[in-house]
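Participant: Listed below, chain by chain, are the residues.
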Amino acid sequence: MNEPQPATLKAENEQLKAELAQVKAATNQYLQNVAHQLTAPLGAIKWSIEALKDPRVPLSRKSKLLSSIYSQATILVHLIKNFALMSNLEADLELGQFREKPEPIDVMKLAINLANDFQPQASEQGLKILVDEVAFSNVFGSKRLAIEKNLVAQAISNVLENAVKYADSDGTIRVSAWSDDSHVGIVVESSGIPISDKERVNIFARGFRGAAARQKVAAGTGIGLYLASRVMTLHEGSIQLETSGRVSRFALIFPRKRLR
Amino acid sequence: MSHYRHTILFVDDEPFFTEPLRLLLEAKGFNCVSFTDMSSAIDFLDQNDVSVLVSDIMMPSGDAFPGIDSSETGFHFVSMVRKEFPDVRIICLSVIGDQSKIHKLKRQGALYLRKGETPLDTAASLIESKATGVTSF
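Heads up: the sequence lines are chains A and B, in that order. Residues 1 to 260 in the numbering used here are what the first sequence lists, from first letter to last. Residues 1 to 137 in the numbering used here are what the second sequence lists, from first letter to last.
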């Protein structure tokens with residue numbers, strides 16, 4: 001067997017060092033992003049409370065501060081759940097320990113609850129979230145879907161949160177249901193920044209954020225759609241994106257056999 | 001004391017963050033204006049007298065400056081304001097922790113406050129002091 005030459009070893013060593021530096025830089029950037037994501041809502045809550053307590057701020061302006069505190073707390077809870085989910089899924093990826101414990105869930109009720117959660121945040125941008133109850137009744141009727149409720153709720157939340165962040169102001173985000181012979185799905189449709197074909201290929205990759213998305217909202221973790229996609233894979237389903245101009249349709253699709 | 005002759009310009013893509021500060025300064029009598037990107041803020045600076053600019057760092061650059069990475073927008077913005085509008089006092093409000101970048105802002109005469117760390121009343125008083133040379137509590 002040929003011994004590696006010192007020059008080859010040195011070159012490999014240099015390459016590994018360069019790769020390590022790249023990983024460190026990416027990790028730093030990610031941590032900075034996470035810090036920004038967590039600090040901004042907490043800071044906003046803190047300042048809003050200080051303004052609420054300040055007698056110089058007119059009472060008439062204070063109800064807006066209360067709404068803002070509610071929205072920021074919702075964002076924070078959602079973010080922390082995402083980080084926890086990320087950690088659990090990464091552990092599962094390495095150890096293969098995920099064991100599904102599905103329960104039958106009324107999907108329309110879940111969609112309405114999540115829409116209500118995000119409506120205050122949406123209202124700040126003049127957006128309305130509509131749940132198409134007729135479509136849900138047509139697809140699900142009185143049947144329930146056997147899913148891990150918390151995981152699927154987080155997946156829908158991630159898609160909804162993106163819609164709220166990137167939709168055109170004063171528009172409508174429509175949450176509806178879809179089916180074919182072998183699948184049922186939940187669809188979130190909104191009009192906002194266009195998604196290019198190139199971005200569409202990478203949109204479910206971990207850490208990916210499109211150029212226009214970064215331009216509209218500077219800070220973001222880039223893990224929301226990745227997590228949604230992982231959750232759907234765990235449910236033997238998928239997440240699909242259709243676009244037409246400024247309109248985007250994200251569909252979370254489950255096998256029909258999950259209907260109970 | 002009314003400060004209506006002083007305009008405070010806020011630039012932050014998360015306006016809910018600066019809203020409490022804005023409310024407190026308006027209660028003190030300042031005229032406050034908010035934008036969510038650098039391009040709109042530059043347009044406003046071109047047309048209006050601004051006493052103090054309170055700017056985020058990570059924010060969209062807007063249509064007029066398409067090539068700027070949004071994580072660096074504030075640095076470009078501060079340099080441009082320093083050059084084009086030298087009388088405007090600048091306060092940066094962000095969460096960046098990179099000391100070399102913070103020093104760069106300070107060398108340009110900007111005051112740097114970390115979001116969430118400075119009490120609201122202190123931040124409002126600092127802005128008031130920058131705008132009028134007088135601080136009231």
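FYI, nobody ran anything at the bench for these hints, they're computed from the structure. Keep in mind that the hints are not guaranteed to be accurate.
[Stated by the list, open to error] Simulated restraints on C-beta separations: (1) A:A146 with B:Q108: 58 to 68 Å; (2) A:H183 with B:R82: 25 to 35 Å; (3) A:K64 with B:T118: 20 to 30 Å; (4) A:S123 with B:Q108: 18 to 28 Å; (5) A:S87 with B:K83: 37 to 47 Å; (6) B:T118 with A:A212: 26 to 36 Å.
Virtual Cβ for every residue (Gly too), placed ideally from N, Cα, C.
Participant: Each hint: holds or not?
Facilitator: Against the structure, the hints:
At roughly 59 Å, the beta-carbon separation of A146 (chain A) and Q108 (chain B) lies within the given 58 to 68 Å, and the hint holds. Between H183 (chain A) and R82 (chain B) the beta carbons are some 58 Å apart, a value that contradicts the proposed interval 25 to 35 Å. A beta carbon spacing of about 22 Å between K64 (chain A) and T118 (chain B) agrees with the range 20 to 30 Å that was offered as a hint. Distance hint check: the CB atoms of S123 (chain A) and Q108 (chain B) are about 38 Å apart, inconsistent with the given range 18 to 28 Å.
Remark: the range hint 37 to 47 Å for S87 (chain A) to K83 (chain B) is upheld by a beta-carbon distance near 45 Å. Range check, T118 (chain B) to A212 (chain A): Cβ separation about 33 Å, and the 26 to 36 Å hint holds.
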